[in-house]
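From first to last, the protein sequence lines are chains L and Z.
When the letters of the first sequence are read in order and numbered with this note's numbering, they come out as residues 1366 to 2000.
When the letters of the second sequence are read in order and numbered with this note's numbering, they come out as residues 2 to 379.
Source of the hints: derived by calculation from the structure; they are not laboratory data.
Worth double-checking, as some hints may not be accurate.
What follows is a list of derived Cβ distance ranges for each label pair [stated by the list, open to error]:
{"no.": "1", "chain 1": "Z", "residue 1": "LEU198", "chain 2": "L", "residue 2": "SER1381", "range": "16 to 22 Å"}
{"no.": "2", "chain 1": "Z", "residue 1": "ALA19", "chain 2": "L", "residue 2": "PRO1461", "range": "57 to 63 Å"}
{"no.": "3", "chain 1": "Z", "residue 1": "TYR217", "chain 2": "L", "residue 2": "ASP1661", "range": "26 to 32 Å"}
{"no.": "4", "chain 1": "Z", "residue 1": "PHE252", "chain 2": "L", "residue 2": "GLY1865", "range": "49 to 55 Å"}
{"no.": "5", "chain 1": "Z", "residue 1": "THR85", "chain 2": "L", "residue 2": "ARG1377", "range": "24 to 30 Å"}
{"no.": "6", "chain 1": "Z", "residue 1": "TYR217", "chain 2": "L", "residue 2": "ARG1586", "range": "35 to 41 Å"}
{"no.": "7", "chain 1": "L", "residue 1": "ARG1385", "chain 2": "Z", "residue 2": "GLY37", "range": "25 to 31 Å"}
{"no.": "8", "chain 1": "Z", "residue 1": "TRP211", "chain 2": "L", "residue 2": "GLU1478", "range": "54 to 60 Å"}
Note that the Cβ used here is the ideal one computed from N, Cα and C, for glycine as well.
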Amino acid sequence: MAQPVNVKNLLREQRSYQQRILFATALVLAAALVLGGRLFLLQVVRHSYYLELSQGNRARLEPIPANRGLILDRNGRVLAENQAAYQLELIREQVPDLQQTLRGLAALQLIPEDEVTDIARLVRSRRGFEGVPIRLRMSEEEIARFAVHRHQFPGVDIRTRLTRFYPHGELAVHALGYVAAIGEADLGRIDRADYAGTTLIGKLGVESAHEKELHGTNGFREVLVNAQGRSVQKQGGLAPDLRSRAPRAGTDLVLSIDLAAQQAAEQMLAGRRGAIVAIDPANGDVLVLASRPGFDPGLFGRGLTRAEYRNLETNIDRPLFNRALRGTYPPGSTVKPVIALAGLRYGATTPEASRFCAGEYYLPGRSNPFREGRSGRHGAVSLEAAIAKSCDVYFYALANQLGVDNIAEFLEPFGYGRTTGIDIAGEQTGILPSRAWKKQRFKRKQDQVWFPGETVNFGIGQGYMTVTPLQQAHMVATIASRGRSFKPRLVTGLRNAETGQSTEIAPQAMADVEGIPAADWQHIFNGMMGTMEYGTGFGVNRGAAYSIAGKTGTAQVFSVGANEKYVEKDVAERLRDHSWFIAFAPVEAPRIAVAVLVENGGFGASAAGPIARKVMDAYLLPQMPAPKPAPAPAP
Amino acid sequence: MNYPPLNAPSARRTLNMATRILMALQLDGPLLVGLGLVAAFGLVVLYSASGQNMDMIMRTLLRMALGGAAMVALAQIRPNTLRTVAPWLYSLGIVLLLVVDATGYIGKGAQRWLDLGFIRFQPSEIMKLAVPLLCAWYLQDRPLPLGPGSLAVVAAVILLPVGLTAAQPDLGTALLIMVGGALVVLMAGIPLWVLLLLTTTAGAAGWFGWSMLHDYQRQRVFTFLDPQNDPLGAGYHIIQSQIAIGSGGVFGKGWMNGSQSQLEYLPERHTDFIFAVIGEEFGLVGMLVLVLLYLFVVGRALYLATQMQDTFARLLGASLALTFFVYVFINMGMVCGLLPVVGVPLPLVSYGGTSMVTLLAGFGILMSLYSHRKLVGS
Chain L
1366 MAQPVNVKNL LREQRSYQQR ILFATALVLA AALVLGGRLF LLQVVRHSYY
1416 LELSQGNRAR LEPIPANRGL ILDRNGRVLA ENQAAYQLEL IREQVPDLQQ
1466 TLRGLAALQL IPEDEVTDIA RLVRSRRGFE GVPIRLRMSE EEIARFAVHR
1516 HQFPGVDIRT RLTRFYPHGE LAVHALGYVA AIGEADLGRI DRADYAGTTL
1566 IGKLGVESAH EKELHGTNGF REVLVNAQGR SVQKQGGLAP DLRSRAPRAG
1616 TDLVLSIDLA AQQAAEQMLA GRRGAIVAID PANGDVLVLA SRPGFDPGLF
1666 GRGLTRAEYR NLETNIDRPL FNRALRGTYP PGSTVKPVIA LAGLRYGATT
1716 PEASRFCAGE YYLPGRSNPF REGRSGRHGA VSLEAAIAKS CDVYFYALAN
1766 QLGVDNIAEF LEPFGYGRTT GIDIAGEQTG ILPSRAWKKQ RFKRKQDQVW
1816 FPGETVNFGI GQGYMTVTPL QQAHMVATIA SRGRSFKPRL VTGLRNAETG
1866 QSTEIAPQAM ADVEGIPAAD WQHIFNGMMG TMEYGTGFGV NRGAAYSIAG
1916 KTGTAQVFSV GANEKYVEKD VAERLRDHSW FIAFAPVEAP RIAVAVLVEN
1966 GGFGASAAGP IARKVMDAYL LPQMPAPKPA PAPAP
Chain Z
2 MNYPPLNAPS ARRTLNMATR ILMALQLDGP LLVGLGLVAA FGLVVLYSAS
52 GQNMDMIMRT LLRMALGGAA MVALAQIRPN TLRTVAPWLY SLGIVLLLVV
102 DATGYIGKGA QRWLDLGFIR FQPSEIMKLA VPLLCAWYLQ DRPLPLGPGS
152 LAVVAAVILL PVGLTAAQPD LGTALLIMVG GALVVLMAGI PLWVLLLLTT
202 TAGAAGWFGW SMLHDYQRQR VFTFLDPQND PLGAGYHIIQ SQIAIGSGGV
252 FGKGWMNGSQ SQLEYLPERH TDFIFAVIGE EFGLVGMLVL VLLYLFVVGR
302 ALYLATQMQD TFARLLGASL ALTFFVYVFI NMGMVCGLLP VVGVPLPLVS
352 YGGTSMVTLL AGFGILMSLY SHRKLVGS
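With the rest of the complex left out, here is chain L (with noise of 0.2 Å):
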């Protein structure tokens, strides 16, 4: 009984497994249909968007830095070049114990003490087979060094890089500025794909101002890397194809500064503070730029020290501020030709009219007087011997009978109260006073008028008005070329670093002043020129191979800068006056305009005046025709 059903159960049994192996064999190839569905999505449809995402994945872009461009002066001196410099390298992973290599370093001085930590976090921040620069620009001697204790430190080698460097130093850091490591303030100026390699970016001065030129176009070549981002040679069994494309050069840059004349000028304010500014009347050409105390500007490029920058800021005699640009000071009696020339202009006076100096003005109905400066009584002066001898009281009623808006109307051309437009930034624009900008100036009613011993002080450059050493230059320059007037600029041509190709870059024209008759410059000229034979600037002229005509200025220190600190010894030195000489020369065809700034020099002729003689013998000598022995050395 029992077995008919087991037959009949096992029939059924098998006839429903077959009917299961088949249904799963449908599954079975419907998944495979599913999967080879999925396969041909991504291997055909998708091919091409895989196959580039494994392209991006196995290349990497390595930058090749472009070379900067080099700075040149006028006669192609370099004044900036890019030098191979050595630099310590550390190797993480092949280092065996980062602590103990760092602090046998330092016990070597080849890296400071109490950096170790620092450069530490720094390695450790990197991926362990990169090269981490840990100490650039080493010495000779401290390569020497290293190299003999080289097996003590395996992981850490001595690579070479191109750097900047000044051949001169410090010599016109304030013109060219220097290069530092990218900071974040930088990132908003330039294309970080562009900057990709670049460590080092342009600071203040012609580096920083012409940074697109200098840069140039940096290369770069594809790399295999694996996904550590190491970089390997080849991808399983075959060598790839990569792309590369060659870095181009920054161009060169070509300066107006004459290196003669910036040498000379620096030499001669070495151990002072103050300002020096040379101008080519004919085009704007700035041939000196100096600013003291300086500054090594190769210290920012190999990385300063906190201490080092600290010295830097806070020192008193403020060594990173550019004073030609940046400093104002009153003109002090430097502003006079320009006086003159007003009182001339409009009608305020005549070449011929004297006026009599008893040392004392006063404004009519007042008693208290506006003494003369140094030179005592002038007796009757003219013009020109107003100029010569800087009468203070010629100007002070010159400048009554003029008034403060016509003064103001008439300087404004000759670059005051606004920038010049020099082709590196920073510029001050210092104060040309009017009742208008005093109005301005000034919240309190009271202290928005303008009173009339204001406008007498102006006529000799106190008071209100303050000028850069830049615009004074700037000012002479255009006397010296009878009222025309140029741009200043420090770059004057561009050079095609590969093929060595110039282009000279045209001198920008700026308003001319107009309206001045030939004779009424020559009356000012003469006046200039009489200051060096029988002037205040007597002496500064001996044996000069040219003509020379030139003002001498005193200004008044007001107050102490708020950024220093009171030192008693300092401050006696630091409250004399500010020593101010302006000339231009040769007086036939100009080929110079000079402005120097001695902060607390003192009397104009005494500390400025040598230094602007200096400037000019040492741009104008070497241009003379047949040089004749000089008859005296100069003072």
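Start from chain L and add chain Z according to the hints.
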């Protein structure tokens, strides 16, 4: 019949020799050839995927030899013996799993291996065979389709080791063990209402299980749903593997020339994700060839299963054959982004682990079932 006279007799003799040896060893020729081809392909790929590491090749060869030996050995064991052994093997497996879980608990971390000093092996691997064995053994003389009582028993038999393995935690292997047991049950046949009930409870269990998952396991699920969401974290595997496969195109980049795999962008390239290496270096063609080889193996195994004459053999045979395919499908699906990433190796191709031995042992059982089948002519 006009064979070339020169080779004909010797060829036939060789064939006869091979057939006779296979017969004597209770092995199935076509299945053996299919497995051999898959393994050979796997070795070629592994050489590239391992970065030309001969050491790995040698160890894989060793494992293949071990697996082959296990296969031949198991093919000799009569089905009756298997029936007898099934409960004991299962019990041993449970005990070992408990030991592993306990040491893992004490050691506070994932624990999958049992270190026997000379060899480390995963007890969960035993369960891949023991679970279908015990299920088939239990169901062989039950009335089919299954009643609720039998169903409850098999469910317990399956879920106990699954739970223990998942607790290690090793979700991939737990899943595979479940598949092995479930396939036996499905092949035995279950009433439709049970099937419906099971799917609904599975849904509920899924929800419950979700709340029990470890964070990294949940992350895997999220990542599967949206790999771009976390391209450098958990999504990295899936993204890189799809890039590898997709960039391979129809013909691939060539052996040992896949940038994704050679430059180590592809993680687990010689283990779980080796299928992506095939896709990158051999393209669609290479992948389809491998899929077809697997299909051949599965097809042959299913054919053998249909030839079985008793319930135990049928259920076990079909389960072993289909489980093999499920392994393949889960791995391939995961590598090409169809399924979430679970740690399931590609059978016979992925490097490492004891799965090679278990798999070949399974095929040994299958061959034994086939060659020892009762030839019921009536």
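Verification of the hints:
1. Z:LEU198 - L:SER1381: 16 to 22 Å: 20 Å Cβ-Cβ, so the 16 to 22 Å window holds.
2. Z:ALA19 - L:PRO1461: 57 to 63 Å: Holds - the Cβ-Cβ distance for ALA19 of chain Z and PRO1461 of chain L, about 60 Å, lies within 57 to 63 Å.
3. Z:TYR217 - L:ASP1661: 26 to 32 Å: Since the Cβ atoms of TYR217 of chain Z and ASP1661 of chain L sit about 57 Å apart, the hinted range of 26 to 32 Å is violated.
4. Z:PHE252 - L:GLY1865: 49 to 55 Å: holds (52 Å)
5. Z:THR85 - L:ARG1377: 24 to 30 Å: holds (28 Å)
6. Z:TYR217 - L:ARG1586: 35 to 41 Å: Check passed, 40 Å falls within 35 to 41 Å.
7. L:ARG1385 - Z:GLY37: 25 to 31 Å: holds (29 Å)
8. Z:TRP211 - L:GLU1478: 54 to 60 Å: holds (58 Å)
Hint compliance for this structure: hint 3 alone is broken.
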